[in-house]
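Taken in order, these protein sequences are the chains called A and B. With this note's numbering applied, the first sequence covers 1 to 345. With this note's numbering applied, the second sequence covers 1 to 212.
Rather than coming from a laboratory, the hints here were simulated on the basis of the structure. One thing to keep in mind: the hints can contain errors.
What the hints assert, rightly or not - Only pairs whose alpha carbons sit at most 27 Å apart, straight line, appear in this in silico DSS-like list of lysine-lysine:
| hint | chain 1 | residue 1 | chain 2 | residue 2 |
| --- | --- | --- | --- | --- |
| 1 | A | Lys311 | B | Lys36 |
| 2 | A | Lys178 | A | Lys41 |
| 3 | B | Lys164 | A | Lys310 |
| 4 | A | Lys257 | A | Lys178 |
| 5 | B | Lys36 | B | Lys48 |
| 6 | B | Lys195 | A | Lys178 |
| 7 | A | Lys243 | A | Lys178 |
| 8 | A | Lys257 | A | Lys310 |
| 9 | A | Lys311 | A | Lys243 |
| 10 | B | Lys36 | A | Lys126 |
| 11 | B | Lys138 | B | Lys48 |
| 12 | B | Lys138 | A | Lys257 |
| 13 | A | Lys126 | A | Lys41 |
| 14 | A | Lys257 | B | Lys195 |
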Amino acid sequence: MNLIMQSITGPFSYIGQGIMIALLAFSLLGGIMGVMNVSRKDSVAFPVLQWTFVGINLIFMAGFVLICWLHYQIYQTLPLEFPEAIVPLVNQQLELINAQAQYAFPLLDPAHPPRYVIPLWVENEKYYFWFTCYSFMAFFAFLHTASHRLKGALVVLLTLQISILYWFANPFSQPLPKFFSEIGAWYAAGDDPRQMFGEFMRLYPRMIFYYNTHYMWLHPPMLFLSYSAITVTFITSVFMLVKRDVEIETLGYDSAKFGYFMLTLGMLLGYPWALQAWGPNWWWDPKICSSIMMWAIYSTYLHTRLYANKKLMWYFTSILGIVCFVAMIFTFISSFYFPGEHTFQ
Amino acid sequence: MTIEKKNSYDFYLILATALVLAVISGICVYGMFYFKFAQLQQLDPVTKGAYMEWMNQLVSPFIIVLIVLLAICVPKRLLPTEWLNRFALALLIVVLVTTWFRGVVMALMVTLGITLSLQLLVLVMALAGSGRLNFERKGYWLRVGSSSLHLGLVLFILDLFLYKNHALHLALFWVTTVATVFGMTACFYSPAIAKWAGGFSQENSSENEDLS
């Protein structure tokens, strides 16, 4: 790896690992107290649980600021810069491509070389963003419920998420491995114009139509916000099955409304981009199928909730809230298992 | 607000809609597994196109049922139950006659056209604060939001018919998005909007969605 990259990723990993260790420690403490609160009739060490939760949110925020710093450094220090003499040749090639394509590449301006504006939720960072969103939403629910068992359950699920993050999806241990491996070849090309040109034609489309596209700044975060809200609804739905508590149901419904809002808006905003990027050949793509399935189940949940005051509909709505969560997990995992335009394989 | 009606028309329509959505979900899951095991991503565009066409055919009867349900759901805001049955019967006759003479696509377009016109009327009446609309819940913004949200859904389905006309398709898509987002905001956050709009003391109690 080139020295500039190391100067960015070195401090990022070092500080980030510290953040992850602190996050794991706080979450384990919270998890233990969470289990105690879920299993006992009365609340246990509630102030400690609450302040642990506050601590987790603050650490999550610190990590997110660090991720923002990394992306800013990438923007500042890793442009795709060409020797000025070669720029006309590259532009000639781009003009040829643009003449045949529906969506054009911006031509190169030597004074302003193309720079990466990487969204804050690519590769393993998406899990960090997702679980941060859940942490804040769960804390909101935590403050708005009187049930110590629900409070405990919200923290237990957060502990589970942070453990997954720490052991399987740590964004700090190896920062953006795919991106740095892609761009590594560009820097390895040195000053050889032919090799630079080849690498540029490989990197530039991905920069324009993936990393720098406005869609990547809107579509995924809305879905992750939605996933977090669905998780809160899932926990309240499980509680609804055990006890008919209107306060918990209302909390779950508030969360579901926000989640549905984000899911619908996120899916809608992905649509024009999909037309631009893939043409009409994506409609029955597996991920699209699973997203439509999840949206349909979610729509059903919101409709049946109108009649949740009927005894059977109360339980039916609760089960649908759980099914929404299962559908959400299935939809997310489908990106790994099913091939298609959204695959992470 | 407490909902006391038992086994209302609305309730059965919601159950029917839930059933259709469940079937569509099932078809989607089937499509996912078929896509994977047939390894469609590695096949030529013609085979992929055939798969898409087949999936379209598989799902289309349920989309038709969904459109018809939507067409029945919309006028229920305007008509009493006994008239709703007559409307549903009249709609069925129109759909069958149009299908016979002009094909299924035209029948669906007619159904969507009728639904769209009625939904626009509902939205205008909701915006005007009409008390003649039949909603399960009270509240000005909730009704306006629900009307706009369902208008967005009707427009979205209509827009799918126009996907070959790229410019019109995208323009209508953005209208759909605006109607849906406005609808969700007004419907889901009606008490906050009522407060923001200045009529808090008057609206707050009726916008509430308490289930107790």
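Here's how the hints hold up against the structure:
1. Our distance criterion of 27 Å between C-alpha atoms is broken by lysine 311/A and lysine 36/B, whose separation comes to about 41 Å.
2. A distance of roughly 49 Å separates the Cα atoms of lysine 178/A and lysine 41/A; the hinted pair therefore is violated under the 27 Å criterion.
3. For the given pair, lysine 164/B sits about 45 Å from lysine 310/A by alpha-carbon distance, which is inconsistent with the 27 Å threshold.
4. In summary, the hint linking lysine 257/A to lysine 178/A is not supported, as the alpha carbons are separated by about 35 Å, beyond the 27 Å threshold.
5. For the hint pairing lysine 36/B with lysine 48/B, the CA-to-CA distance comes to about 12 Å; that is within 27 Å, so the pair holds.
6. Restraint check for lysine 195/B and lysine 178/A: not satisfied, since their Cα atoms lie roughly 48 Å apart, outside the 27 Å limit.
7. This hinted pair does not check out: lysine 243/A and lysine 178/A have alpha carbons roughly 47 Å apart, beyond 27 Å.
8. The straight-line distance between the Cα atoms of lysine 257/A and lysine 310/A is roughly 20 Å, inside the 27 Å bound, and the hint therefore holds.
9. Only pairs whose Cα atoms come within 27 Å are accepted, and lysine 311/A paired with lysine 243/A is accepted, the gap being roughly 12 Å.
10. Only pairs whose Cα atoms come within 27 Å are accepted, and lysine 36/B paired with lysine 126/A is accepted, the gap being roughly 25 Å.
11. Between lysine 138/B and lysine 48/B, the direct Cα distance comes to roughly 48 Å. Violation of the 27 Å bound is thereby established for this hinted pair.
12. Of the supplied pair hints, the one linking lysine 138/B and lysine 257/A holds, its CA atoms being roughly 18 Å apart against a limit of 27 Å.
13. Proposed proximity of lysine 126/A and lysine 41/A is contradicted: the alpha carbons are some 37 Å apart, above 27 Å.
14. Our distance criterion of 27 Å between C-alpha atoms is met by lysine 257/A and lysine 195/B, whose separation comes to about 19 Å.
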